[in-house]
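S.K.: Residues in the sequence shown are numbered consecutively from 1, following our numbering.
Heads up, a few of these hints could be off.
Subject to a maximum C-alpha distance of 16 Å in a straight line, what follows is the list of computed EDC-like cross-link-like pairs (lysine to aspartate or glutamate) [unchecked claim]:
(1) Lys-53 - Asp-24
(2) Lys-79 - Glu-10
(3) Lys-53 - Glu-27
(4) Lys-14 - Glu-85
(5) Lys-53 - Glu-25
(6) Lys-119 - Glu-108
(7) Lys-14 - Asp-58
(8) Lys-79 - Asp-4
(9) Lys-119 - Glu-69
(10) Lys-47 - Glu-25
(11) Lys-53 - Asp-43
(12) Lys-79 - Glu-8
(13) Lys-79 - Glu-12
(14) Lys-79 - Glu-13
For each label pair, taking beta carbons as the anchor points, the in silico distance ranges come out as [claimed, not checked]:
(15) Gly-88 - Arg-46: 16 to 26 Å
(16) Arg-121 - Ala-2: 43 to 53 Å
(17) Val-78 - Ala-101: 21 to 31 Å
(18) Gly-67 - Glu-8: 18 to 28 Å
(19) Asp-4 - Gln-116: 32 to 42 Å
(20) Ala-2 - Ala-124: 36 to 46 Å
(21) Glu-108 - Gln-55: 20 to 30 Å
(22) Ser-6 - Pro-91: 24 to 34 Å
(23) Ala-101 - Lys-47: 22 to 32 Å
(24) Gly-88 - Gln-59: 14 to 24 Å
(25) Glu-10 - Arg-89: 17 to 27 Å
(26) Leu-32 - Asp-120: 30 to 40 Å
(27) Glu-117 - Glu-30: 31 to 41 Å
Just so you know, the hints here were simulated from the structure itself, not pulled from any lab data.
The beta carbon of each residue, even a glycine, is placed where N, CA and C say it ideally should be.
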Amino acid sequence: MAWDFSTEPEFEEKLNWIRAFVRDEVEPLEVLFPGCEFLPLSDERRKIVDPLKQQVRDQGLWAPHLGPELGGQGFGAVKLTLINEILGRSPWAPIVFGTQAPDTGNAEILARFGTQEQKDRYLAGCCPGRSSPASR
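I would like the entire structure built from these sequences, with the hints used as guidance.
M.R.: Here's what the structure looks like:
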């Protein structure tokens, strides 16, 4: 039995944008900032990374793992898999796309099971694209 990973043409355009953006804009961060020391972001790194995050937001691709109620796109498992396959090419991509730990997974759990106080405290930081508490 073969698995079908095809998507509609509009989503393929998004994947093409992600591929080019990761290749041209995100992967070069590995040369600028070797050593994979990401968080917290220094002011120097923030000056470079924040505009990249904004480009991702402008494309409607920030935190693609989140549902629409949290500011995400509500992509299903297949689309997220295709996105994450590309993001996995650079250790910087999860930061630029808002999919880094601890936001991935925790945001969904908090949205479903958290108290209102927890949601107000923690989701406000990751869902609108302002970054995780660890990266501020």
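S.K.: Report the numbers of all earlier hints that the structure fails to satisfy, in ascending order.
M.R.: none
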